[in-house]
Amino acid sequence: MKIAVVGTGALGSLYAGYLARSGLEVYAIDIREDIITAIRTSGIRIVEPEGNEVSMPVKKATLKPEEVGEVELVVILPKSRQTQDAARSARCLFGPETVGLTVQNGLGNPEAIEAVIGQGRILAGVTMNASTCLGPGRIRYAGRGETVIGEMRGGPSPRAEKIAAAFNRAGLSTRVSSEVWNDVWGKLLVNAGVNPVTAITRLANGVLMDQEGTREIMKGLVEEGKRVALGKGIRLPYTDAVKKVEDACIATRPNHSSMLQDILAQRETEVDFINGAIVREGERLGIDTPVNRTITNLVRTIEKTYSLRA
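In this note's numbering, each residue carries its 1-based index in the sequence shown increased by 54.
Derived from the structure by calculation, the hints contain no laboratory data.
Among the hints, erroneous ones may be present.
Stated by the list, open to error - The calculated DSS-like cross-link candidates involving lysine-lysine, where the alpha carbons are at most 30 Å apart (straight line), are: (1) LYS358 with LYS216; (2) LYS133 with LYS273; (3) LYS133 with LYS216; (4) LYS297 with LYS273.
Stated by the list, open to error - So the derived label-pair ranges between C-beta atoms look like this: (5) ARG307 with SER227: 40 to 50 Å; (6) PRO150 with GLU107: 35 to 45 Å; (7) GLY340 with GLU107: 45 to 55 Å; (8) ARG145 with LYS114: 17 to 27 Å.
By construction, the Cβ of each residue, glycine as well, lies at the ideal position given by its N, Cα and C atoms.
Starting from the given sequences, assemble the full structure and let the hints guide the process.
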């Protein structure tokens with residue numbers, strides 16, 4: 055299978071590396087020259103959960119998608135704010151039978167990609183894999199987890215099953231869901247409960263569980279998100295949302311969430327696609343979400359005041 059991974063940050067590098075190591079023809083595409091140079095020089099370097107570091111070479115790393123040509127699968131994994139730009143750059147990778155896939159955090163990414171590529175070309179999904187950038191082309195695989203993919207409309211499909219099988223052979227535990235939006239919202243609540251709290255406190259995931267104050271904030275974020283999800287008719291893939299988030303913190307204890315990584319690098323975060331999305335959906339349904347609104351405003355304020363901080 056010929057695969058292009060568009061966006062080789064922490065998560066994109068994880069997928070590109072393991073898929074390449076399994077023997078698939080993988081192309082790594084990014085807009086950052088330092089990342090592409092590092093991958094060309096040393097492969098994708100991954101510190102695995104057991105502590106060993108491995109180098110996983112790809113077929114080619116490039117800044118230019120047009121150098122790759124048409125592929126069978128395009129995995130699109132940039133930051134949410136860059137999704138449409140990434141999709142536009144990836145159009146040249148799509149042939150008549152090419153499938154696109156995203157497992158990005160937050161809401162709205164599959165729809166944004168589909169608006170560029172065309173209806174029926176994109177699979178949606180989520181992943182509980184956790185990874186942290188250690189430098190260009192180098193990541194820490196901080197926690198193994200399941201990936202769930204599925205059609206944006208309708209039930210399981212042969213193409214989704216084929217992709218899941220390839221991911222499983224690569225060591226990336228994956229299953230196909232007949233109701234992927236339930237899984238998307240299930241992951242959204244985990245991100246909403248963990249990511250902004252790590253970003254504001256600058257603590258690793260697991261440390262949040264050690265403090266009563268952060269546990270209380272996470273509970274408020276998740277309970278609001280669950281009310282909104284149920285208001286939309288979502289059937290969450292678990293019964294106890296708060297426990298699910300706490301378990302995720304424990305399972306990925308050393309991980310720095312993607313939002314914390316953005317704050318530490320003084321970048322814009324994805325809070326508008328996570329907690330901000332819960333606030334917007336709540337407003338549409340007439341469900342108040344004061345904890346998520348407050349947390350969203352706090353993270354936005356941090357983003358806008360990097361140069362003013364002591």
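With respect to the beta-carbon atoms only, verify the hint that ARG145 and LYS114 lie 17 to 27 Å apart. 19 Å, holds
Satisfaction of the hinted span 40 to 50 Å by the C-beta atoms belonging to ARG307 and SER227: For SER227 against ARG307, whose Cβ atoms are near 19 Å apart, the range 40 to 50 Å is violated.
Is the distance from the Cβ of GLY340 to the Cβ of GLU107 consistent with 45 to 55 Å? Roughly 51 Å apart at Cβ, these two residues keep to the hinted range, so it holds.
Restraint status (C-alpha distance of LYS358 to LYS216 at most 30 Å): 43 Å, violated
Given the hint that LYS133 pairs with LYS273, does the C-alpha gap stay at or below 30 Å? Holds, at about 26 Å.
Hint check for GLU107 and PRO150 - Cβ pair distance inside 35 to 45 Å: 40 Å, holds
Does the alpha-carbon distance linking LYS297 and LYS273 stay inside the 30 Å limit? Cα-Cα ~9 Å, so holds.
Checking one constraint from the list: CA of LYS133 to CA of LYS216, max 30 Å. Satisfied? Holds, at roughly 26 Å.
Of the numbered hints listed earlier, those contradicted by the structure are 1, 5.
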